[in-house]
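Can you make the complete structure from the sequences, with help from the hints?
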Amino acid sequence: MELTKEKLLGFYETMMTIRAFESKAVALFAENKLPGFVHLYLGEEAVATGVCANLGTKDYITSTHRGHGHLIAKGGKVDLMMAELFGKATGYCKGKGGSMHIADVDLGILGANGIVGAGLPIAVGAAFASKYRKSDAVAVCFFGDAASNRGTFHESLNMASIWNLPVVFVCENNMYGISLCQRDHMNICDISDRASSYGIPGITVDGNDVIAVFEAASEAIKRARRGDGPSLIECKTWRQRGHFEGDPAIYKDPAEQQSWLEKDPLPRLAKRLIELKYATQTELDQIQASAAEQIEAAVKYAESSPLPALTDVLTDVYAG
Amino acid sequence: MALVGIIANPASGKDIRRLVAYGAVFDNLEKVNIVRRVLLSLASTGIREVVFMPDYYGIVPKAAEGISEKHRLQMEVSPADICITGTQRDTLQASLLMASLGVDCIITLGGDGTNRLVAKGCGTIPILPISTGTNNVFSVMVEGTIAGLAGGVVAKGTVSGFPAVQPSKRLIVYKNGEAIDSALIDVVILKDEFIGSRAVWDVERIVQVLVTQGEPHNIGISSIAGNLQPVSAQENCGLTIDFASNGTLVRAPIAPGLIEVVQVNSYRRIMIGERVAIREAPCVIALDGEREIEVQEKDNVFVQLAFDGPQVVNIRSALHEAVGKGYSRLPPAE
Amino acid sequence: MKQMTYAEAIRDAMRVEMLRDPNVYLQGEDVGKFGGCFGVTAGLFAEFGPGRIIDTPISETAIIGSAVGAAAAGLRPIAEIMFVDFTGVCMDELFNQAAKMRYMFGGKAKIPMVLRTPCGAGMSAAAQHSQSMEAWFTHIPGVKTVMPSTPADAKGLLSAAIRDDNPVVFIEHKQLFGLSGDVPEGEYVLPLGKADIKRTGSDITIVSWSWMVQKALAAAEILAKEGIQAEVLDPRTLVPLDKEAILQSVGKTNKLVIVQEAVQTSGFGGEISAIVAEHGFDLLDAPIKRVTAPDTPVPFSPVLEQAYLPSVEKIVAAVKSLF
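Protein chains in written order, with our numbering: chain A, 1 to 320; chain B, 1 to 334; chain C, 1 to 323.
Rather than coming from a laboratory, the hints here were simulated on the basis of the structure.
Be aware that a few hints might be false.
Below, in silico cross-link-like pairs of lysine-lysine (BS3-like), each with a Cα-Cα straight-line distance of 30 Å or less [to be verified]:
#, chain 1, residue 1, chain 2, residue 2
1, A, K134, A, K222
2, A, K7, A, K263
3, B, K298, A, K7
4, A, K263, B, K325
5, A, K77, C, K198
6, A, K5, B, K62
7, A, K88, C, K108
8, B, K62, A, K7
9, A, K7, A, K88
10, B, K298, A, K263
11, B, K120, A, K263
12, C, K198, C, K2
13, A, K24, C, K2
14, B, K62, A, K252
15, A, K277, B, K62
16, A, K271, B, K120
Incomplete in silico selection of chain A near chain C, CB under 8 Å [as the list claims (entries may be wrong)]:
#, residue
17, K94
18, R241
19, G242
For each residue, glycine too, the CB sits at the ideal point set by N, CA and C.
As structure tokens, then:
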């Protein structure tokens, strides 16, 4: 595992940017500035960061309804994202998609997705395209524990396996499908157990440890890139907020919430960075401040951006 | 009344070695099946009470529930009163609690890593380790039915002492003068900064290895010792190995399907009680195959070999002795 | 020009387009060595190999879902669903993913893919293998829907569908696979959204598509003998729809009968009827008539199925009722 100081500080910066973006979204939603639904990634930052650190622009990801973290980690621009959350013309989707549908095809981001489990076959298709073109690009599919109960999961893992496609299925097991805890929605506790049914390797890692995620994803992605086929990584993590903003999450045990807050991926990485003398607390504070600044600038950009023209309703339905 | 403890680790057999090596997948359904067979065997030897480590998946309750009406257990199967955290802590807590309950034998399902934690809590209670992990030297691949029979005869006291139950060694890690952890098989010093995904497979990162035992038929890092100068479980010594480029080339099976060549600079036997200093810092120390301890530059770390590890059931010897004592012969039917 | 069956024309379009563009490939259930459930893809596997003619598991969701992903990544997949009745299994991939990605992403994605699928009754395949589901697809903005009635149209429109940068549902008809006709050789592309007058007439307009065009033409023959000159207009593509051509024809004949094989309620015939009522009310001398299947599942027994299907006789009767 070759991890330089620069790389580790980069992880911290990305995680902090996601945290700042999401924390701001909490505030903006509470102030009634964001229309629609927002599903936040707070607490799961290590997964997107650790995985996407192994990807380049040519690689693909498919994301979920809880997609802000994946987009930021894959290189998405926070000002365009924020403008989209505000429904502005300058947003990633010109205000036509909103939080759940941000995409940047040029960066290989094939979209957040409002349908649970819909990204799986799309990632399989992107991986197919890569193999078809004899490119070494890899597709990574993020999905949640509950999505692994959908037929798309079964069909996609099976298809990827028989065609030996360069796709890595990253399950963010945050222990809840909306309000239903994992033990009430499946009769197994490790989603990695499902991989062997499709003839592919499946492993479980601590999803709140960015290093563990990075290391596992690095091996899985290298494996896919050299043509050794798909794999499944289950990252055990925790959704610190409700399913969407406005959900008070009364279905969660406060003690469990507390125990997971103690495993928050950001302080955990910070502690180790300081121990290794890779950064001082002051330097980490600076990273935090600059992330917050960047998000404030994004909000300013979004707020000062124009609304879409009403005639835009009719455009972009068809290409050509 | 004989009491048997069962600690089945739901997390074993799922680490990164299924990606970087060719490790078997041990899904929890298979662990349920193994425990079911263990329970049936225990019942046949007359065990009426079992206490188990609770886990999120419910391996043991599922095993008990799944037994057909025809083979219904005359047995009380109850959870150890611990708080489930879903971490390594559960194993240690369960082990400590079982020791305080005075169980007569603890049957474990996991790898060497699982048994390392059980050993930290079980005191002198014999362990019967069934392998459901990846690289296992301490725990053995054995059919659950057979393991249950051996556990039963030990717990009932049909057999006791050597060779049915054998002592084991351990390596104690001292950091800044304090014993902080221990290993049953190997202590591996890695030039790493992070525990990360825990498993050890990249031999390039290894700078030093200490083993309590290592034989050519073993798998894992301790197999390097096995292929250099074998040390058995019952010998009064261990081995320390230093690695360096341009050293002697040694081939060893360090993970499932991974037969690697390592470069050994020097190696020597170490005696019981002997202390060996760690010569790399910062580093990460792996215990029984899992990266556990992050060492900083300022830390002073050494490792000591001791012959005070847990008592381990030798399945073959235990059953041989039990048969000798007539355990398998029943009084004639009336 | 070459004599080809409708099935051969479809195959020829795929072949020509695959030779022309290396990004085009075909995937579906049994499309490879087996040659397709109806023999439509026979020989393509031998010519293009398993890399481009791809047998899939029975996984409609993944067939369409992966086509969406491959299209988003720049390929031009043709994905076959063995029967249109099976598209329910992959509907999310079509209507929530393929159809909406471009719009949701603010015009920054293209999903150039074709979903090829056969529809229609007439072979006692019963309720789950005989339906005409085109109204499902026409109700989804972002998807184009094509339903050719002749071999030449099948080739020209499929080529256009493959070259189109949008998801196109290309619905073939099982009863037409064996129909022969003249088909241009080599590259042949017809525009999507252009209706074709299959028979000119001055007394009444019959709008129909797919297999029903053939029925309408047969009805027109009978009607001609009785002195009624029917114009048979085939829109060929339902989305985009050539509304102009329909209004123009109705402007000439002042009467309209719409023939669809699908069940009546919420069928596409109702949409055409509404368009003419909205934009051509003054052109009409008589109420618009629809000839459709009844609002029931497709029955199995041949006698019941015949009773269910719109027939030449029913079309003739409907036309005559307006005179």
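Cross-check of the supplied hints:
1. Distance check on the hinted pair: K134/A and K222/A sit about 16 Å apart at the alpha-carbon level, within 30 Å; holds.
2. At most 30 Å may separate the alpha-carbon atoms for a hinted pair to count; K7/A and K263/A meet this at roughly 22 Å.
3. Of the supplied pair hints, the one linking K298/B and K7/A holds, its CA atoms being roughly 24 Å apart against a limit of 30 Å.
4. Our distance criterion of 30 Å between C-alpha atoms is broken by K263/A and K325/B, whose separation comes to about 53 Å.
5. A distance of roughly 54 Å separates the Cα atoms of K77/A and K198/C; the hinted pair therefore is violated under the 30 Å criterion.
6. Distance restraint check for K5/A and K62/B: the Cα-Cα separation of roughly 47 Å exceeds the 30 Å cut-off, and the hinted pair is therefore not satisfied.
7. Of the pairs offered as hints, the one joining K88/A and K108/C holds, with about 16 Å between alpha carbons and a cut-off of 30 Å not exceeded.
8. For the given pair, K62/B sits about 45 Å from K7/A by alpha-carbon distance, which is inconsistent with the 30 Å threshold.
9. Between K7/A and K88/A the alpha-carbon distance is near 34 Å, which puts this suggested pair outside the 30 Å criterion.
10. Proximity of K298/B to K263/A is assessed by CA-CA distance (about 26 Å); at most 30 Å being required, the pair is judged to hold.
11. With a C-alpha separation of about 24 Å, the suggested pair K120/B and K263/A falls inside the 30 Å cut-off, and the hint holds.
12. Between the alpha carbons of K198/C and K2/C the distance comes to roughly 19 Å, so the proposed pair stays at or under 30 Å and holds.
13. Between the alpha carbons of K24/A and K2/C the distance comes to roughly 66 Å, so the proposed pair goes past 30 Å and is violated.
14. With a C-alpha separation of about 25 Å, the suggested pairing of K62/B with K252/A holds against the 30 Å cut-off.
15. About 48 Å separates the Cα atoms of K277/A and K62/B, which puts this hinted pair outside 30 Å; it is violated.
16. The straight-line distance between the Cα atoms of K271/A and K120/B is roughly 27 Å, inside the 30 Å bound, and the hint therefore holds.
17. Residue-level restraint check for K94/A holds (minimum Cβ-Cβ distance to chain C is 4 Å; threshold 8 Å).
18. Contact between R241/A and chain C, as hinted, is not supported at the beta carbon level, the nearest pair being about 24 Å apart and thus beyond 8 Å.
19. The beta carbon of G242/A is not positioned within 8 Å of any beta carbon in chain C (closest approach about 24 Å), and the interface hint is therefore violated.
This entry does not satisfy hints 4, 5, 6, 8, 9, 13, 15, 18 and 19, going by the numbered hints stated previously.
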